[in-house]
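Given the sequences, and given the hints that come with them, work out the whole structure.
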Amino acid sequence: FRQDGFLVLEHFFTPEECDSMRKQIQGIIAEMEVPLHCRTEFSTKEGEQLQAQGSSDYFLTSGDKIRFFFEKGVLDERGNFLIPKERSVSKIGHALHAHDPIFKQITHSPKVQQPGIGGEVTPHQDATFLHTEPLGRVMGFWIALEDATQENGCLWFIPGSHTNGITRRMVRAASGASTCVEFVGSEPTYDDSQFIPVPISKGGLILIHGEVVHKSELNSSELSRHVFTFHIMEAKDTSWSKDNWLQPTPELPFPLLYT
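According to the numbering used here, the sequence shown is numbered sequentially starting from 290.
For the record, the hints were derived by calculation from the structure and aren't laboratory data.
No residue lacks a Cβ here, since even glycine has one placed at the ideal position from N, Cα and C.
Simulated DEER-style distance windows between Cβ atoms:
1) 453 x 369: 39 to 45 Å
2) 464 x 485: 41 to 47 Å
3) 465 x 299: 46 to 52 Å
The following block contains the structure:
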């Protein structure tokens with residue numbers, strides 16, 4: 290982890306735990322009710338992020354709620370679904386870990402995409418969006434609820450890239466701006482040859498350093514690739530940036546894993 294910026298732990302969770310999370314998500318989506326004007330397509334491309342998530346309070350105020358974000362191209366101009374809604378969801382965020390008992394149990398465990406659907410996640414560093422002072426205090430947990438392969442969208446990393454710092458941040462925009470968030474700085478152009486694929490079996494866990502560069506490719510297979518992800522921060526002697534889009538609220542302060 291210190292050398293590469295990520296670590297693969299196979300079979301960290303049992304198949305039964307993975308199936309329980311997938312079943313829970315199916316139930317949550319079945320009861321999903323999102324007003325037409327709140328239906329937002331999720332993207333990791335900067336321009337599309339600013340146009341969709343960045344212009345919507347629905348995204349900016351989702352930190353303490355369970356809300357739904359959709360794949361690109363699954364909504365018509367009025368926000369109606371072009372495909373079955375259970376295949377349209379790209380992401381559910383951002384408080385499953387707090388409000389859903391199954392995901393809360395996994396997140397606080399002591400051990401601590403759809404077929405043909407699943408957009409690419411462009412190269413990025415998590416610290417671009419979740420910034421701390423000092424850097425290096427955020428770590429992502431990426432749990433494979435199904436096998437993740439090169440065909441259905443496994444993660445790709447640039448090993449060692451976590452040692453180079455960050456050059457771009459997404460921050461809350463000033464009051465009166467045309468968007469709720471904005472980008473400061475720019476993302477470098479990465480050579481595709483630097484990335485290595487990291488396939489992982491169902492139940493596996495990938496630990497992700499907040500500054501390591503990673504991405505995932507378009508799911509071009511007939512297999513889904515469901516994952517559960519969350520981030521943790523070392524709170525001691527660490528300052529969470531007030532410019533981050535995600536902020537704790539009185540209703541949901543950041544929960545402590547250890548008390």
